Amino acid sequence: MKSQIDVSGRIFYEWPDEGCRKEMRFSDPSQLAEEPYDVVIIGAGVVGSALAYKLSQYKLRLLLVDKNYDVGEGTSKGSSAIIHTGFDAAVGTLESQLVTKASIMWPELIENLKIPFQQCGAVLIAVDNEQYNQLEKIHQKAIDNGVTDVKVLTSGEVKELVPNVSPEARGGMSIPRESIIDAFSIPIAFSEVALANGTDILLGVEIVDVEDADKSIKKIVTASGKSIPTKLIVNVAGLGSSKITPKYNGKFFDLNPRRGQFIIYDEFSRSMVDKILLPIPTAQTKGVLVIPTISGNLLAGPTAEDFPLDDETAADTTIDGLELMLKGASRLMPSLKDLPRIGSFAGIRCACSQGTYQIRYNDGHPGILTVSGIRSTGVTSSPALAEYLVEGLAKECGLSLVKNPEATDSRPENRWPGWWKRPYENNGAVKNRPEYGRIICNCENISQGEIIDALSSPLQPFTLDAIKRRTWTQTGRCQGFDCMAKIAKIISEHCNIPLNKITKKGPGSEIAC
Amino acid sequence: MNSENHVKVAIIGAGPSGIGLALGLAKRGVKSVLLIDRNEEIGGIPSVYKKKQGGVRTFINLIRGRVVFGEQYTQWLAGKLAKAEPAIWLKSKVIEVEPSEKRITLINPDQGKVHVTANAVVMACGARENSSIELGWLSGTRTGRTFFSKTLLELMDHHNVLPIKQPVIVGSDLNAYAAAAKLRTMGASNATILDTRSRPKSPLYSRIYFQRWKSYPKYHGKVKSARFIGNGAASAIEVNNSMTIPCDGIVLSGDLIPNSELAMLAHMNVEVHSRKPVVNSDYQLSEPGWFATGNILGGFHSAEWCYLHGKRVAKFVATYLKNNK
Ligand SMILES: Cc1cc2nc3c(=O)[nH]c(=O)nc-3n(C[C@H](O)[C@H](O)[C@H](O)COP(=O)(O)OP(=O)(O)OC[C@H]3O[C@@H](n4cnc5c(N)ncnc54)[C@H](O)[C@@H]3O)c2cc1C
Ligand SMILES: Cc1cc2nc3c(=O)[nH]c(=O)nc-3n(C[C@H](O)[C@H](O)[C@H](O)COP(=O)(O)OP(=O)(O)OC[C@H]3O[C@@H](n4cnc5c(N)ncnc54)[C@H](O)[C@@H]3O)c2cc1C
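Protein chains in written order, with this note's numbering: chain A, 104 to 616; chain B, 37 to 361.
Derived by calculation from the structure, the hints in this document are not laboratory data. Among the clues, some could well be false.
[What the hints assert, rightly or not] Simulated crosslink set (DSSO-like; lysine-lysine; CA at most 27 Å straight-line):
1. Lys-149/B to Lys-534/A
2. Lys-87/B to Lys-592/A
3. Lys-67/B to Lys-347/B
4. Lys-262/A to Lys-240/A
5. Lys-440/A to Lys-312/B
6. Lys-524/A to Lys-149/B
[Claimed, not checked] Computed beta-carbon distance windows for the label pairs:
7. Lys-260/B to Lys-524/A: 44 to 50 Å
8. Arg-235/B to Asn-236/A: 54 to 60 Å
9. Lys-260/B to Pro-411/A: 22 to 28 Å
10. Lys-116/B to His-597/A: 36 to 42 Å
11. Ser-438/A to Leu-240/B: 39 to 45 Å
12. His-194/B to Glu-426/A: 37 to 43 Å
13. Glu-132/B to Pro-279/A: 29 to 35 Å
14. Lys-44/B to Pro-279/A: 50 to 56 Å
15. Leu-171/B to Gln-134/A: 42 to 48 Å
16. Thr-251/A to Gly-268/B: 46 to 52 Å
Only a predicted model underlies this, so the values are computations on that prediction, with no experimental measurement involved. C-beta: ideal position from N, C-alpha, C; glycine also.
Looking at chain B on its own, in the form it has when it is part of the complex:
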């Protein structure tokens, strides 16, 4: 392959939204689509959540009316994608984009640094979890065994390592309860869950995931401050300068931050604080011909929502291509 490639549409990110987008384009007869992901496999976040005996299923597949493991969800996406036949480049990290030339620069082990130009580019880069400083109410030493729920899941589901036996989880959303339940199935004790809100953000998931054990994670609400304690690894967390909760590891599961850096780097409009890229009603970014779909838009959306969103945005991309031949 030469170092300058041209495609009709380049999609950055092969998670649910990027795949949805590729399918939507195929349905509209758009040929020459390149789907790019830095990971070794497609699927984005769902691909991290492996199928496990006795495990916890957290991905709702409305289309088939089932709740499945992330791995199964990814397989379902892969099956759909096989019919669309886009070009797929994995282990390919996009490091830079050039808006006016609609060019992206990526690195992969086979080709090194390569440029790709396109008639339209879609950012389907997903989101990540907040670090402790971004949450604003956590302090202390950065101890060992402090994980994001995704890192924890990578260790548990991919590598079969149980990092924590007595967990404290910061945050009370779906991810927090999913992490708590997964830890429990692997033999950890029930987690203690902390949040600034008086009631958990997603109490429903506590009920759904923990029904089978009939005992639920303990919730500490209205937390004003929390301090990590531990020399080598986390050994406790001190809440509101008074209560100390012993633990052997901490999981951070906060709100999500959009992976909008590529857009920021190229001086497209991105809200400074939320890091949400600014889009119009066609999900076009501040540069014409650049689109965004899925969790990069901000908020917390399910995989299914992102998949369907990608399909929707495909319509706008196809229209753009038609109008800008």
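For reference, chain A alone in the conformation it holds in the complex:
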């Protein structure tokens, strides 16, 4: 018999063939805990993984499940990666409270979690009189939201803070604590710590049903027909959550993807902007932001386009969308119209007609929690939201919380991403491991050593996209021209998987058909 709390959790991938390391393949629930879990979390986005992180501080048997082949591959993978202060949130809402609280938590959290982060500040820019007239109102709202360090700016001050700003700028407001973060790292870091604290993780496992929802021991059922017993269920499956609620008689709500497209500019444009540039929302549109990224690029976006649930084109980028962003971005900074672009991507928000931050305890039956509609601020709010949910689970669902004295809240020092710490700057490191001197990604100067570190990291990922999110390879200006085949080869050799079975993001995306 294993002790009640495992020293470290188990991780498995449900994978149909030899495209996965053999020892990591999930084939039978007996690979998991012998007794029912205390809590199963469905969905490993920023919210689900933050919840696992927080719950893993207690003596609980936990399971985190996601249908994708890495954590954070849903809505969470395609955000603007801004840690908001909440200055413009609707005053008095739960969303506003959680965002404001989380924005204060992040500067310390990033040290524990080893997540690249920069408090670069934002500047709200008014480019016409209509917008200018709104500044005072926005300023007051910020104060009401408790964000008191904002400052209204004259046009001269805007120009000083943002040298390449549009000559049309009439004035603005500075929001010094708006920050940028490596959003890819957030669900990864949360999950790694949870795993270290004993949380089990299943990836590539879609939950399609819930049995015995009314009993004290419930069962979640996977697409391949396996059932896993648990006392509590938390459905934080983002855009997938409304498909699961009917299985446990949860209250109706409807969701739809709201697309946000982005343009990625070449790294050379980054030197022109070091702050987030925010437009002033008008009645017609929220406007296009200009966002420096922590990895050294520059983004313009996002759009807001609604689609029906399950529309396969919801995550497409479009030529019209790109035009729209160019137009919007160049209103703030005219030179953005002509700067070289290297790529584009689209994220899909989880829009809910019943409102944002839907949180329902004992939904349908006791012991089931539904969390959905975390539409536009989940990257920021996740740690505060997770704390809020932990308290709620104790209060509303009777979850007993006993601190686990052995639990950690941090990733080890060596989990700072290589692209952030640059091992090649340290000749000792290269001497010890020459792989750190073998550059594979020529745009971002990422070495073979960093790729191998990612492959051997706790979740032991092995898709090209999972490696991308951990190393930033394949994201530079060549978009994989130089490194993609080399990385596939490294994965194949390191994980002992045939090269033709290496995938972009799981079964069905093999590099060879």
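Model the placement of chain B with the ligands on the given structure of chain A, informed by the hints.
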């Protein structure tokens, strides 16, 4: 080796143009030449194209009047280079250059981060293919099995993997038809080729490469927009919002973009859009003592052209060295 090295000429890139340059310098008696490449072997792009039974030869060797495989072309270059005897550092990635001190910074597994100074530096860094956004008329989801023709070739020629059986190829130049023919020899069906132009850019190569099968890739011209379709991997491409062409993989083969980033990073003159470095009639960059040769100059040039160009630029480099002792 200590961390500060000095050479007469440092050449960044050991492709056809960098090798041509090293040979040209040797012929002019310039000693102390360092040839640097980030790859494991010399040869640049040609080294990717391995010799294969029944394969397609795409490298014209005018000097010997033959058309050969890239690998053979590389061997021929290596043979020539052996006589010039420059120092060669492989697996060495140049990450930074400092124009006024004529210093370059590189990283390799043996030495870590090293600086090299030189009397003259030559950028022979080649070019890469356009990404879909740079082409401007492609949209959709970035699906799996979307390749650049070079990545495809790395998988097929180096690793013997056939990634695509039913290909769609975007672009209609030599590279596009070479990729189509190579796919065909490995057992894929004839590719469908898309481009914005009404006629293929290099129809001649369709004829040359596909003669042996007597059936040719299908060409769709005047394409205004194309959208990638596919969840895991590419499953189709939709053209002009109307026609859908099924496929199981997509190859991007567009115009080339010069690898001029090192020059840009050091604030040398580079055209913003084409990313062509600005050179004078001696192929000198905007900083004295810095030169460029081969495909980094922009356009699409054959390996042979680049090799001969490198030899030509060697003359200007030698003259510069003589005048700036
Ligand atoms: C364009 C855009 C820009 C944004 N910018 C910002 C920003 O700058 N700052 C900020 O704070 N927020 C931002 N957001 C919002 C933020 O990204 C989201 O609020 C957050 O990612 C939501 O996280 P989540 O965990 O709720 O959802 P998700 O990340 O979608 O997680 C849900 C998970 O559930 C899994 N799942 C679904 N169904 C099942 C099933 N049946 N079985 C198992 N697993 C399942 C999915 O695979 C997914 O991984 C932005 C969002 C978008 C789209
Ligand atoms: C995909 C593709 C297919 C082609 N197919 C053909 C063909 O079939 N036949 C033909 O005749 N021509 C072909 N060409 C044209 C080809 O580019 C030329 O034939 C020739 O290889 C160009 O020579 P080069 O020396 O200028 O550049 P390259 O051959 O590209 O060599 C440049 C070298 O510089 C190195 N390098 C670049 N930056 C750095 C750095 N920072 N640090 C260290 N090393 C660096 C690279 O690793 C590379 O080895 C093709 C081009 C491409 C892009």
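Here is what the structure says about each hint:
Between the alpha carbons of Lys-149/B and Lys-534/A the distance comes to roughly 10 Å, so the proposed pair stays at or under 27 Å and holds. Taken as a hint, the Lys-87/B and Lys-592/A pair is honoured in the structure, with Cα atoms around 20 Å apart against an allowance of 27 Å. Between Lys-67/B and Lys-347/B the alpha-carbon distance is near 15 Å, which keeps this suggested pair within the 27 Å criterion. Using a Cα cut-off of 27 Å, the hinted pair Lys-262/A and Lys-240/A holds, with the two alpha carbons roughly 22 Å apart.
Of the supplied pair hints, the one linking Lys-440/A and Lys-312/B holds, its CA atoms being roughly 19 Å apart against a limit of 27 Å. Of the supplied pair hints, the one linking Lys-524/A and Lys-149/B holds, its CA atoms being roughly 15 Å apart against a limit of 27 Å. Distance hint for Lys-260/B and Lys-524/A: a CB-CB separation of about 46 Å, consistent with the stated range 44 to 50 Å. Checked against the hint of 54 to 60 Å, the pair Arg-235/B and Asn-236/A passes, with Cβ atoms roughly 56 Å apart.
Checked against the hint of 22 to 28 Å, the pair Lys-260/B and Pro-411/A passes, with Cβ atoms roughly 27 Å apart. The supplied range of 36 to 42 Å is met by Lys-116/B and His-597/A, whose beta-carbon atoms lie about 37 Å from each other. The supplied range of 39 to 45 Å is met by Ser-438/A and Leu-240/B, whose beta-carbon atoms lie about 41 Å from each other. Separated by about 39 Å at the C-beta atoms, His-194/B and Glu-426/A satisfy the suggested range of 37 to 43 Å.
The given range of 29 to 35 Å is respected by Glu-132/B and Pro-279/A, whose C-beta atoms sit roughly 32 Å from each other. Between Lys-44/B and Pro-279/A the beta carbons are some 52 Å apart, a value that agrees with the proposed interval 50 to 56 Å. The beta-carbon spacing between Leu-171/B and Gln-134/A, approximately 46 Å, falls within the hinted interval of 42 to 48 Å. The hinted window of 46 to 52 Å between Thr-251/A and Gly-268/B holds, with their beta carbons roughly 48 Å apart.
In the structure shown, no violation is registered for any of the earlier numbered hints.
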